[in-house]
Structures are given as C-alpha cells and as structure tokens.
Amino acid sequence: MNTPAMFTPAMLAEQKMTLSDLPPSVYDHETQTRKFPEGALVPAMAPDTKFDGESS
Amino acid sequence: MCASTVSVNGVARERVLPNKGKPVLFVYTNSFDLSVDVLIKRLGNDAVFRFNLDLWQEYQIKIDSHRITIANLSGRKVESNDIAKFLWRKPLTNHQLYPDQHFPRERVYDEDELAYAMREVWNAMYWSGRAVLVDPLSDMIAGKLIQAQIAQRYFPVPDWDVISGAAVKNEAGQHRVVKSFTSLRTGDRSVLFTTRVETEQLSPASPWFLQSYVPAEFDVTVVAIRDALFAFALDRATFPSGVVDWRRARMLTPNQDWILHALPPEIAAAIRHFMADMSLHYGRLDFLLSGGTYYFLEVNPNGEWGWLDESGGAGIIDTLVDELSPDTACHPLPNPRIIQTGEIPTW
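For the record, the sequence lines run as chains A and S. For the first sequence, our numbering begins at 44 and goes up steadily by one. For the second sequence, our numbering begins at 20 and goes up steadily by one.
Hints listed in this document are in silico derivations from the structure and should not be mistaken for laboratory results. Just so it is clear, the structure is predicted and the values come from calculations on it, not from any experiment. Backbone N, C-alpha and C fix where the C-beta goes; we use that ideal spot for every residue, glycine too. Do not rely on the hints blindly, as some may be mistaken.
[What the hints assert, rightly or not] Residues on chain A that point at chain S, a partial pick, calculated with CB under 7 angstroms:
1. 49
2. 50
3. 51
4. 52
5. 53
6. 55
7. 56
8. 57
9. 58
10. 59
11. 61
12. 70
13. 72
14. 73
15. 75
16. 76
Sequences are here, hints too, so could you generate the full structure?
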C-alpha cells in the first residue's frame with residue numbers, strides 16, 4: 044500500500060507579489076511620497092502588495 | 020492635538036505640549052507604503068513628518084535624554100516637541116522588504132540597531148500619550164489564539180488547534196484548513212495562504228495552525244477606527260476552484276469587488292465590545308458570512324485598508340484624517356492596555 048505524501052508548509056505555499064512587480068519609482072523627500080512614471084499601473088495598497096512578512 | 024493631561028498607568032499626569040515649530044503627525048513606515056502617500060496628500064505635507072526605516076541612511080537622527088531630532092534629505096527637521104501624534108505604520112528594514120536579496124551582516128546589524136532606537140521613540144510616544152490608533156505590541160500581548168478565545172463571547176469561531184510533532188487525526192466528515200500565524204515567507208516569493216487540506220497528509224515534522232473549514236458565501240472585512248466601522252463584503256462564488264483565501268484569489272483574479280456592507284446592529288455592537296475587550300483603537304477584522312451567521316476569523320491590529328477605499332467614498336480616509344491630523348483631538352492608545360480575558364483563556 045502506498046503511503047500518502049506528507050506536505051510541509053513550503054510545499055503548500057503559493058507565490059505572492061514582491062517589490063520587483065512594481066514599476067520603477069523614486070522616493071521624493073520633498074513631498075514625502077513615491078513618484079511613479081506617468082501612466083504606470085500601481086496597485087492600491089493591499090495585503091498582497093505589502094511585500095513583507097506581516098499578516099494582512 | 021494631544022491633551023495636556025494624559026493617563027499613565029491609570030494616573031493623570033501633565034504632559035509638555037509641542038511648543039516648537041508646527042505640530043506634526045509623525046509616521047513611522049517604509050518608503051513603499053502607498054497608503055501613507057494618500058494620507059499625506061489629504062493631510063497636507065506640512066502636517067506630516069514621514070520616517071521610512073528602509074531609507075534610514077537618508078535621515079540625520081539624534082536622540083538623547085532631552086529630545087529627538089530627525090532631519091530628512093530635503094532639510095526638513097522635526098523635534099520631539101513638534102510631534103503631536105505618532106502613527107506606527109509599516110516600518111520595514113531592507114532585508115524585510117527584499118527577502119530574496121542578500122545583505123551583508125553588518126548592514127543587517129546597522130538596520131536592526133536603528134530599528135531598536137526607533138522602537139524606543141515609539142515607546143516614548145506611547146508613554147507620553149501621543150501614540151495613536153495602531154498598537155504594534157498588540158499581537159505580542161493577545162495574538163490570534165487569545166483573540167479567538169475572547170471573540171467567542173460575541174461570535175461563533177470555527178474550531179481550531181495547533182499541532183506539532185504529532186500526526187493530525189481527522190474525524191470523519193470534518194474538513195479543515197491550514198493557516199499561517201506569521202505570514203512569513205516559506206521561500207523567496209511564497210507564503211502559506213489559508214489552504215484546505217487533508218490533515219492525514221500534513222507532515223508531523225512541521226507546526227500547523229488548523230481550523231475547521233466554513234463553507235461561506237461571503238468574506239466580510241471590517242475596518243475599525245475607534246467607534247467607526249467600515250464593512251465590506253466579497254462574494255466567494257468568484258474564487259477559482261479550490262481556493263479558499265481571498266488573498267490567493269486576488270492573485271489569480273485581480274478584479275475583486277469588495278462591496279460596502281451594512282452590518283446588522285447587533286454585529287456592529289459586538290465588534291465594538293470585542294475591540295474594547297482587546298484594548299484596540301484600530302483593527303481590520305475578518306469574518307466569514309455563511310447563511311446570515313458571521314464567523315470570526317481574526318483581527319489584525321495593523322491591517323491594511325488602502326485597497327478598500329481607493330476613492331475615499333467609503334469614508335475610511337476622512338475618518339483617518341480626522342483621527343490623525345495634528346490639529347484635531349488626540350485619542351492616545353490605552354495605557355495601561357487591559358485585555359478583558361475574564362474566564363478566558365480556559366487553558
């Protein structure tokens with residue numbers, strides 16, 4: 044009889060967005076905001092665009 | 020701005036008000052925090068001083084026993100007495116922002132040292148009654164398991180358990196999901212979303228946070244800003260087959276429609292009671308709505324709100340601006356934090 048495969052968390056994990064998915068941008072200390080190229084598609088801040096390890 | 024009298028460990032004390040320069044909201048975050056961009060545009064640049072932990076080398080920082088002074092690259096400077104309110108947002112170091120890159124140990128050391136000092140700045144703001152809305156220590160004091168126990172007073176909570184080092188046994192007909200406490204990456208780009216599993220196939224060599232699967236029609240998420248509640252619902256019928264986590268569904272079907280949702284008055288009242296029990300002024304609560312029943316999943320004390328109200332029409336941004344403006348009444352975080360556990364937990 045075959046033993047079923049045993050999953051680890053990494054085997055069940057899925058891809059998420061990273062900073063490399065964002066268009067190139069520059070932070071401006073004068074306005075304290077980030078500048079993206081005109082017309083760039085920038086996602087609204089969402090759990091999957093947080094790029095970090097915190098929970099949503 | 021914050022009141023001249025603050026409660027410290029339950030004792031009212033006089034606080035020195037900001038008296039040099041224009042009072043500001045100090046925001047502690049990272050330079051990719053686009054929600055803070057929105058807040059700055061609404062509050063006005065002069066009303067905010069933003070410190071991005073990932074760009075720490077672009078600031079001049081001096082902290083001594085008398086004052087904190089921080090200047091940014093544009094020459095703008097803030098002193099501790101100028102800070103009317105302090106908001107902890109998403110301060111992230113470079114090794115947190117870029118987990119797939121290698122950083123020299125000394126660089127990591129430098130950033131962690133600076134992050135320690137900035138945490139002390141937040142502590143000083145907390146003790147002086149200027150830290151508002153987000154309590155970054157909440158998860159350390161009462162995290163997902165304590166939340167779930169307290170929430171049982173007000174809502175049905177799906178059964179859960181945490182297992183490590185033992186095979187997971189399933190009762191016949193019982194469907195389970197695995198979740199992550201930390202949402203930390205398991206690889207360069209991957210995380211464990213909430214996933215439906217056959218528990219017999221989970222490796223006993225790993226820890227697992229398991230919860231009963233609730234077949235639900237809607238996800239409901241509620242942004243709580245003190246007494247103000249903003250609820251949104253998402254129809255789960257749009258999820259790809261086999262997907263149970265809306266964050267995973269969002270990756271696969273980017274056009275998710277979170278619709279403004281009218282909470283029944285008794286649910287809204289229950290949420291306010293729960294937030295008071297948790298000593299929270301801010302949180303984003305997640306529920307599953309199944310056949311008219313709201314199942315509590317969790318509250319994230321620093322949960323993101325940016326994608327829910329991009330246009331500002333729902334009122335989240337107006338409410339945040341009113342709470343955070345250095346010129347409006349200040350509602351400091353509870354001090355002390357009293358978590359109303361009562362008879363709970365029962366361990």
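We went through each hint and held it up to the structure:
Taken as an interface hint, residue 49 (chain A) checks out: its beta carbon lies about 4 angstroms from the nearest beta carbon of chain S, inside 7 angstroms. Hint status for residue 50 (chain A) relative to chain S: holds, with the closest Cβ pair at about 5 angstroms, below 7 angstroms. Residue-level restraint check for residue 51 (chain A) holds (minimum Cβ-Cβ distance to chain S is 5 angstroms; threshold 7 angstroms). Using the Cβ-Cβ criterion of 7 angstroms, the hint placing residue 52 (chain A) at the interface with chain S is satisfied: the shortest such distance is roughly 5 angstroms.
Checking residue 53 (chain A) against chain S: minimum C-beta separation of about 4 angstroms stays under 7 angstroms; hint holds. Checking residue 55 (chain A) against chain S: minimum C-beta separation of about 5 angstroms stays under 7 angstroms; hint holds. For residue 56 (chain A), the shortest C-beta to C-beta distance to chain S is roughly 4 angstroms, which falls under 7 angstroms, so the interface hint holds. The criterion of a C-beta within 7 angstroms of any C-beta in chain S is met by residue 57 (chain A), whose closest approach is roughly 6 angstroms, and the hint holds.
The beta carbon of residue 58 (chain A) is positioned within 7 angstroms of a beta carbon in chain S (closest approach about 5 angstroms), and the interface hint is therefore held. About 5 angstroms separates the beta-carbon of residue 59 (chain A) from the nearest beta-carbon of chain S, less than 7 angstroms, and the hint is met. For residue 61 (chain A), the interface hint holds, since its Cβ comes within 7 angstroms of a Cβ in chain S; the closest pair sits about 6 angstroms apart. Hint status for residue 70 (chain A) relative to chain S: holds, with the closest Cβ pair at about 4 angstroms, below 7 angstroms.
Using the Cβ-Cβ criterion of 7 angstroms, the hint placing residue 72 (chain A) at the interface with chain S is satisfied: the shortest such distance is roughly 4 angstroms. Restraint check, residue 73 (chain A) versus chain S: the minimum CB separation of about 5 angstroms is within 7 angstroms; hint holds. Interface hint at residue 75 (chain A): satisfied, since its Cβ lies 4 angstroms from the closest Cβ of chain S, which is below the 7 angstroms cut-off. The closest approach between the C-beta of residue 76 (chain A) and any C-beta of chain S is roughly 4 angstroms, which is under the 7 angstroms cut-off, so the hint is satisfied.
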